[in-house]
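Chemist: So you can see what is in the structure, the chains are spelled out below.
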Amino acid sequence: MVSIKDFHFSYRRKPVFTGLNLELRPGHIYGLLGKNGMGKSTLLRNIAGLLFPRKGSIRALGFEPGRRQPAFLQKVFLVPEEFYLPPIRIDEWVGHTAPFYQDFDQLLFERVVADFDIPLLSRLDEMSYGQRKKALIGFAIATNAPLLLMDEPTNGLDILSKGQFRKVIAGAVDDNKCILISTHQVKDLENLIDRITVIDEGKILFDQGLDAISASLHFKLSFDPAETAQALYHESSFSGNALILPNTDGKDSRPDLEMLYKAIVSDGAKINAVFAGRPGETPRKINQTN
Amino acid sequence: MLVTLHWAENRKRYGLGLLAMGGLLCAWFGFIIGVDKYTPMDFFYQYSSYFAGLYFVGCLYASMIFSELGNRAQGIRWLSIPASHLEKLLCALFFSVLLFFVAFTLIFYLVDIPMVKLASHIIVREHYKYQGTNQLIGPMGVMNIFSGNGLSIPDRDMFLLGFFAAQSAFILGSVYFSRYSFVKSAIAVVILMFIAVLFITRVVQGNIPAGWRLSGLGEWIRSYNLTGSSGLVRLPAWFEKSRSFLVEFSVPLIFWFITYFRLKEKEV
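In order, the protein sequences belong to chains A and B. Take the first sequence: its letter number 237 is residue 237 in the working numbering, and every next letter is one higher. Just add 1000 to the spot in the second sequence (first one is 1) and you have the working numbering.
Please note: incorrect hints may appear among the correct ones.
Listed below are the simulated PhoX-like cross-link pairs for lysine-lysine, each with C-alpha atoms no more than 20 Å apart in a straight line [to be verified]: (1) Lys1266(B) - Lys1088(B); (2) Lys251(A) - Lys203(A); (3) Lys35(A) - Lys187(A); (4) Lys1266(B) - Lys35(A); (5) Lys1088(B) - Lys55(A); (6) Lys55(A) - Lys14(A).
Here are the in silico distance ranges between beta carbons for each label pair [what the hints assert, rightly or not]: (7) Lys1264(B) - Asn176(A): 26 to 32 Å; (8) Phe1101(B) - Tyr11(A): 37 to 43 Å; (9) Glu64(A) - Phe1257(B): 21 to 27 Å; (10) Phe1094(B) - Gly62(A): 27 to 33 Å.
Derived from the structure by calculation, the hints contain no laboratory data. Note that the coordinates shown come from a computational prediction; the quantities given were computed from them, not determined experimentally. Note that the Cβ used here is the ideal one computed from N, Cα and C, for glycine as well.
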């Protein structure tokens, strides 16, 4: 669905990506993680055709995004972190914008917006940032675009809305769609994403499916100093030491994405070494969340 | 679809803009009527007010037509709308060139006609006479901007066609310059004109034999010299007319063409 090869990008003389390779497949929700300023938004905008690679190539849905052909733009929707909605009523905005998207589902939009508790007759310029963001997310989902790109989608959403967001996104993905969510709020995406890609200094630091993570790493709390010493990564907490251990005997545990992210950022090589024998695993299919 | 979308999103702004334009014209004409007791609202005032307003407001509006591209959030939305760059450019030209010209002319006459009648009414009521004579000043007439009311107005076509050329430069400027597009475009236009003048007065003139000078676009003349001879070289009329036509009409087309390619390579 999306193929990124030897991707280079820079802002003037500041390089952001230097030879990135990445494949995104349909039927999955990808979590794109990384520190601030590491190029997550830049990558999304390149995939959406709003920026152009300086070297290398990006192919998305069979198109070269940078050409911004209408047929491509109908099939990709970017929910940016900073977004603009016109100062008109929601129904007017949808009425004039939806016809650009052949597969737009009006009923789905109304359902999502109702789930988000936003009245259809509200004026967009009189709504809060969070409400406008929810309206935009609802629109993005209703376009039925096969490729949905979301940049920090949970920023500005309240706690209840974050739960609704996870529910809505999980219900939106199917075998033909691919959702790429860029965030630094990993907790918000737990139980939603099925593959984690961590970028740092323009390169992929970590790229694994959740199945592989569960199979290879064991997350647990422990008071045992010996066990803590063996951990790939550990954090102190009131309820004991939170550990990431190699999963040598197939134990089942729920991955703590935030802790995993910290472990990768602090010593990615150590974590990646555990996955050395299992590169390029196919990510598991999403079937539910929340 | 793009046209209806653009209209839906901007109609309030445009409505207010037209009202403001009408209000400013009213105030300006009111000022003229108050200040000039003898020839208020004569053809010169109407003519110059029309073109000054057309150029200033038209170029100001044109410099904002792609202002979305100067703002990342708006630019992302605008570039992501599933329509081709050509369709987006044509939509912008429809509003900024065609619709603006029609709307401005309509608003101008909506204000101009009653103001001319008001000025005429005052002149007739007050029995104003031309200075130093007993001749009564007659009522004012409404200027037809396109025909010139039969009057010989120098460079009328140049003013009209020049407007589209100037406006196209500001449309291009709105893509090039993210901020202060109007001011930057105005500076760029002045610099371009300065370069053109320099080219004609220095480069072209420098290549013409001594004693000959350029007079118009297709005419060279030699003034009387010491031997008492003079000369005139003129290109054929059809050639000169074709070239003038191309110069007058091709400038907007060239700028629109460049705008199209700038839109295609625009990044946000």
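Chemist: Please go over all the hints and tell whether each is borne out by the structure.
Modeler: Quick rundown of the hints versus the structure:
A threshold of 20 Å between alpha carbons decides the hint, and for Lys1266(B) with Lys1088(B) the separation of about 13 Å falls inside it, so the pair holds. This hinted pair does not check out: Lys251(A) and Lys203(A) have alpha carbons roughly 31 Å apart, beyond 20 Å. Distance restraint check for Lys35(A) and Lys187(A): the Cα-Cα separation of roughly 15 Å lies within the 20 Å cut-off, and the hinted pair is therefore satisfied. For the hint linking Lys1266(B) to Lys35(A), the alpha-carbon distance of about 27 Å lies beyond 20 Å, and the restraint is violated.
With a CA separation close to 28 Å, the supplied pair Lys1088(B) and Lys55(A) exceeds the 20 Å bound. This hinted pair checks out: Lys55(A) and Lys14(A) have alpha carbons roughly 14 Å apart, not beyond 20 Å. Under the hint 26 to 32 Å, the C-beta atoms of Lys1264(B) and Asn176(A), about 29 Å apart, fit the expected range. Hint check: Phe1101(B) to Tyr11(A), Cβ distance near 40 Å, so the stated range 37 to 43 Å holds.
Distance hint for Glu64(A) and Phe1257(B): a CB-CB separation of about 23 Å, consistent with the stated range 21 to 27 Å. Hint check: Phe1094(B) to Gly62(A), Cβ distance near 32 Å, so the stated range 27 to 33 Å holds.
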